[in-house]
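A.B. asks: Using the hints, put the two standalone chains together into the complex.
First to last, the protein sequences are chains A and B.
Here this note's numbering is used: the first residue of the first sequence is 56, the next is one more, and so on.
Here this note's numbering is used: the first residue of the second sequence is -5, the next is one more, and so on.
Read the hints as simulated data drawn from the structure, not as lab findings.
One or more hints might be untrue.
To spell it out: a stretch of chain A is covered by chain B in this simulated footprint if at least three of its residues, at any positions, have a beta carbon under 8 Å from a beta carbon of chain B; those stretches are [what the hints assert, rightly or not]: (1) 72 to 82; (2) 101 to 111.
Derived DSS-like pairs (lysine-lysine); straight-line CA-CA distance at most 25 Å [to be verified]: (3) A:K92 to B:K400; (4) A:K76 to B:K323; (5) A:K92 to B:K390; (6) A:K76 to B:K55; (7) B:K235 to B:K390; (8) B:K390 to A:K76; (9) B:K323 to B:K14.
Which stretches of chain B does chain A cover? Using the computed rule of at least three CB atoms under 8 Å from a CB of chain A, they are [unchecked claim]: (10) 11 to 21; (11) 58 to 71; (12) 87 to 98; (13) 219 to 233; (14) 370 to 380.
Even for Gly, the Cβ is constructed at its ideal location relative to N, Cα and C.
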Amino acid sequence: MTNNRRTFVVVHPLDDVVEAKVDVEALGPMPLTPSVKFSLLVLRGYLIIMGLLVLYHVLDLSGLFTHMR
Amino acid sequence: MTQRIETLTTPTAGRVVRSKWARRWLTFLMVLGPGLIVMVADNDAGAVSTYTQAGATYGVKLLWLLIFLLPVTYFVQEMVARLGIATGQGHAAMIYKRFGKWWGAFSLFDLELLNFLTMVTEFAAINLAASMLGISPYLAVPLTAVGLIVMVATASYRRWERVSIILCVLDLAWLAYALFLGPSVSTVARACVLPGMPPHGITSDYIFLVIAIVGTTIAPWQLFFQQSCIADKRLRFSDLKWERIDTFIGACIVILMAACMMLVGDAARRYGLQHAGFTYTDPAQMARFLGQAFGPLVRNGVLLLMINAAVLGTTTISLSSAWAYGEVKGWPSSLDMKVNDAPGFYAVYALGVLLAAGLVLIPGAPLQLIILGVQVLAGIMLPSAIIFLQLLLNDKELLGAQFVNKPWNNVVNWIIIGVLFALSLVLAAQVVAPNIFPKG
Chain A
56 MTNNRRTFVV VHPLDDVVEA KVDVEALGPM PLTPSVKFSL LVLRGYLIIM
106 GLLVLYHVLD LSGLFTHMR
Chain B
-5 MTQRIETLTT PTAGRVVRSK WARRWLTFLM VLGPGLIVMV ADNDAGAVST
45 YTQAGATYGV KLLWLLIFLL PVTYFVQEMV ARLGIATGQG HAAMIYKRFG
95 KWWGAFSLFD LELLNFLTMV TEFAAINLAA SMLGISPYLA VPLTAVGLIV
145 MVATASYRRW ERVSIILCVL DLAWLAYALF LGPSVSTVAR ACVLPGMPPH
195 GITSDYIFLV IAIVGTTIAP WQLFFQQSCI ADKRLRFSDL KWERIDTFIG
245 ACIVILMAAC MMLVGDAARR YGLQHAGFTY TDPAQMARFL GQAFGPLVRN
295 GVLLLMINAA VLGTTTISLS SAWAYGEVKG WPSSLDMKVN DAPGFYAVYA
345 LGVLLAAGLV LIPGAPLQLI ILGVQVLAGI MLPSAIIFLQ LLLNDKELLG
395 AQFVNKPWNN VVNWIIIGVL FALSLVLAAQ VVAPNIFPKG
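Chain B extracted, bound-state conformation (with noise of 0.2 Å):
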C-alpha cells in the first residue's frame, strides 16, 4: 500500500461535473471529515457528564461560556489544520522532529497515558447506559470494543469516515431533546449574552465547573487527531479552505450541541424544583429522573446519545494513540492500509480499546481515581500542547510564508495560551488551598 501510494503519478479516479458550483460542492463533501469527527467527537462521554452537570447546577448560567469557546476552539484547530496540510506529517512526529526526543518522548508518553484514561471514562459511561438500559455491561462493553475494532480493520480511511460520520449526525438528537425539554428562546438567547452569576456567587464548584468545561472544549488529543487524520487523508494545499469550512462547520455543531446538552441538565434541574428533589449524580441518573418526568422515549434517547458519544470518543482518541505512536517509531500508519502492513498501527488501537474495556469490567475497578486522573493530566498536557503548536505555527523554515502564523493568529492564540495558563494555576491554587473560593 505505502509504494502504491508512494508510485502514484496520475489520479486513480474522479468524479466529472458540469458547473463549478457542482465542483466546489463536491471538493467541499470530499474533503469533509477530519474538522468534523474531531470537534463532533469532543463532545464525549465525558463532556456529556460535564455539560449536563452545568446545566443540572446553574441552568443556562453558563451558555455565555460556550459562545466564547467557539472562536476559541477554531482558532486552535485551524492551526491544527494548516500545519497538517503544510507538512503531510502528525503532530507527535513534528513535536519529535523539530523539538528533539525528550520533548518528543514527553508528549507522546503524556498523550497515551491521558488517551488511555480517557478511554477508560468512556466505556464506564458505556458501562452505565447499558445498565440502565437492561442490557448486561458484560455483552455490551466487549461488543462495543470488538465493533470499534471492526470499524477500522476494514482497512479504508473513506469507510471509517463514512460511519463516524454518520454518528456525528446521530448526535444532533441532543438538538430536538433540546427544543422539547429547554427553556424558552428568548431565556437562551438572553443567557448566551449576559453571563449569569450563580446563586450562591463565586464558588470552587463554579470555578472547576468553568475550568472542566474549557479542559472538555479543548483537548491535547484534538491536535494530534486531526493533523494526523489530515495527513493520513492525504490533504492537498489547495483543500485548505475547504478544510477550514469542514472545521467551522464542527466547531459550531460541538457548541451547539454542548449547549443542548447544558439545556437537558437544565429540565433536570427544573423539573426537581417543581416537583421532586433532584441531585446531579451522573447523566444516566439524570436520563432516569427525565424519564420519570418525560417517558422513556427520552430516558432511552438520552442514554443511546451517551453510547454514542462514548462510541465515537472512543475511535478517534485511540486513532491518535496509534498514529502518534506509529509516526513516532516510523511505523506503517494508516487507516487505508491492511492490517498486515501496518500491524504496530493496529494493535496500538486494538490494544488501548480492549485494555480500556477490560479494566471498566473489573468490579471495584478506581473509576473515580481515572476520572480525577484525566482532569489532572489534562491540566498539564493543554497548555504544553498549545505551546508546542504556537512554536510550530511561527517556524517559517518548516510552513513557509504562506502557511505561517500571522501576526492576529500570534495575539489570538497567545491570549489562548495565557487564560489557559491562568486557568491551570487557578486549579493548582485549589489543590493547594481547597478554601481558596468559598464552598458552594
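Chain A on its own, in the form it takes in the complex (with noise of 0.2 Å):
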C-alpha cells in the first residue's frame, strides 16, 4: 500500500511483494526447555491411554470380553 498525495494503491496480497519471513529451516528443532518436555510428556501419556481405550473398545466391540466373562 503506498500514499501517493491525495490517492491510495491497495495492492492484493497475491500482487504484492512477497514479505521476509522467519527462516524456519535456520532455527532448527525447538529448545526442550522444561515446560516443552513437561507439555510433550502429558501429551504422550494421553495419547497411549486414548489408544489403550480405543484398543479396548474395539475388542469389547468384536465380543472377547462377552467371552471371557
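C.D. replies: Right, here's the structure in full:
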C-alpha cells in the first residue's frame, strides 16, 4: 500500500512483493525447555491412554470380553 | 510459478482509491477469505447432523453452549492466523520443523486419516440428500467429486476463494429457515444465556451430544487449513488486523448458523410433539418430516443446504490434507500453481475426493464404523493439535515479541486445553464404563 498525495494504491497480497518471513529451517528444532518437555510428556501419556481405550473398545465390540465373562 | 513468486520485487497490480476509508475497506475485502471460509466450512455435513439432532432432541436447551463456543473458536483460530502470517508456512510444516520427525509424522498421519474419513461422511450426506431429492447417487456423487476437482484445478487461488465465499453466502439460508420455523425471539434469547436442563436430567446421550458439539465446532483440520491458506494467500504482517476481523466474522457466522440448525431441528421436534411422532435419525429424514408439515420448499431447501455444507466441507478438508502433505514432503503446494507445476499437491487433493466418493458408492460400505472412527480420531487429535499450537505460539525464537502469545492468551488457551482434555476423558470414561451416566 502506498500513499501518493490524495490517492492510495491497494495491492492484493498475491500481487504484492513477497515479505521476508522468519527462516524456520535455520532455527532448527524447538529448544526442549522444561515446560515443552512436560507438555510433550503429558501428550504422550494422553495418547497412550486413549490408544489403549480405543483398543479396549474394539476388543469389547468384537465380543472378546463377553466370551471371557 | 514458484520462480515468479521468488523474484517478485514490485507489486504486479493494484487498485487506486481516493480515501483512507476506501483503502481500509478494499484492503479488508482483499484479505477476507481464509477466516470466513474455515469457519463456515466447519458447519459441514457432520455439523448439520449434530446441531439438528441437538435441536430435535433437546430443543433450544443447548443454545447456551454455542454462545460459550464463540470466543473459544475465535481464540483458537486467531492464534492460527498469527502463526500463519508470522511464518508464511503451514501448520504441518511447522510441527515437522520445530518438534521433529516423530511428532510431525504422527500429526500428519492422524490428520490425513481423519480428513479422509470425514470426507467419506461428507459424500455420505450428499448421497443421502440427493437420493431424497430424487437424484441418483450414482450421478450426484461422481458429479460433485468432479466439480470439486475442477474447482481447484483452474490454478487460481482467487477463483477458488470466490467460489468458496459464494458457498459460504449460500449457507446463510439457514437463517431464513430458522426465522420461518423457529420459536419466538424471546425464547431463543433466554435459551442463549440460561443453560436449560434436559427433561430427563443429565444423561449419557446429553453428555455425548455436548462433546459432539464441542468437537464439531473446533476441528483439527481447521488449524491446518487456515494456516496453510494464509501462507498460500501470502498475507502480509500488516494484514493481521484484517485477518482477525475476517476470522471474527467467520466465527460469528458459524455460531449463528449452528444455532439456526438447532432451531430447525427444534421445529421438527415441536411439530412432532403436536401432530405426529418424530424420532430423529438423520438430517435428510428430518427434512422429509419438515416437508410434510411446511411444504417442499422447506424439505428441498434443507436438503440442498446439506449438500452445500458437504461440498464446502470437502473442498476445505481435502485442501488441508493436500497442503499439509505437500508442505511436509517439500512439494510445491499452491492453488495458484498449474497442475503440471504442483502435481503432488493436486494428486493428494483429487485422490482424497475420488476415494471418499468411491467408497460411499460401494453398497454396504461400513459408514457407521467410519462415523465412529471420525469421532474417536477427532477426540484423540484435537487436544494434541491444540497443545502443539500453544507451544508454537509461545515460541519466541520463531515468532518474536510481536506475534508471540501474551500472558492472557496463554491463560485462555490453557483453560480451553483443560476443557478439551476433560471432555476427552469423559468420553473415554463412557467407553470404559457405559453406565457412568444414566441412559437418556
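A.B. asks: Each of the hints needs a verdict: does it hold here or not?
C.D. replies: Hints, verified against the model:
1. Counting residues of the stretch 72 to 82 of chain A whose CB lies closer than 8 Å to any CB of chain B gives 8, so the stated coverage by that chain holds, three being the minimum.
2. For a cut-off of 8 Å, the count of residues in the stretch 101 to 111 of chain A with a CB near a CB of chain B stands at 8, and the three-residue condition holds.
3. Distance restraint check for K92 (chain A) and K400 (chain B): the Cα-Cα separation of roughly 21 Å lies within the 25 Å cut-off, and the hinted pair is therefore satisfied.
4. Straight-line distance between C-alpha atoms of K76 (chain A) and K323 (chain B) comes to about 20 Å, which keeps the hinted pair within the 25 Å bound.
5. Between K92 (chain A) and K390 (chain B), the direct Cα distance comes to roughly 16 Å. Compliance with the 25 Å bound is thereby established for this hinted pair.
6. Restraint check for K76 (chain A) and K55 (chain B): not satisfied, since their Cα atoms lie roughly 47 Å apart, outside the 25 Å limit.
7. Between K235 (chain B) and K390 (chain B), the direct Cα distance comes to roughly 20 Å. Compliance with the 25 Å bound is thereby established for this hinted pair.
8. A threshold of 25 Å between alpha carbons decides the hint, and for K390 (chain B) with K76 (chain A) the separation of about 14 Å falls inside it, so the pair holds.
9. For the hint linking K323 (chain B) to K14 (chain B), the alpha-carbon distance of about 43 Å lies beyond 25 Å, and the restraint is violated.
10. Here the stretch 11 to 21 of chain B counts 8 residues with a CB under 8 Å from a CB of chain A, which clears the bar of 3, and the coverage holds.
11. Coverage of the stretch 58 to 71 of chain B by chain A is violated [criterion: at least 3 residues with CB-CB distance below 8 Å; count 0].
12. Residue count for the stretch 87 to 98 of chain B with a Cβ under 8 Å from a Cβ of chain A: 7. That meets the three needed, and the coverage hint holds.
13. Against chain A, the stretch 219 to 233 of chain B contributes 7 residues with a C-beta closer than 8 Å to a partner C-beta. That satisfies the three-residue criterion, and the hint holds.
14. Counting residues of the stretch 370 to 380 of chain B whose beta carbon lies closer than 8 Å to any beta carbon of chain A gives 5, which reaches the threshold of three, so the coverage claim holds.
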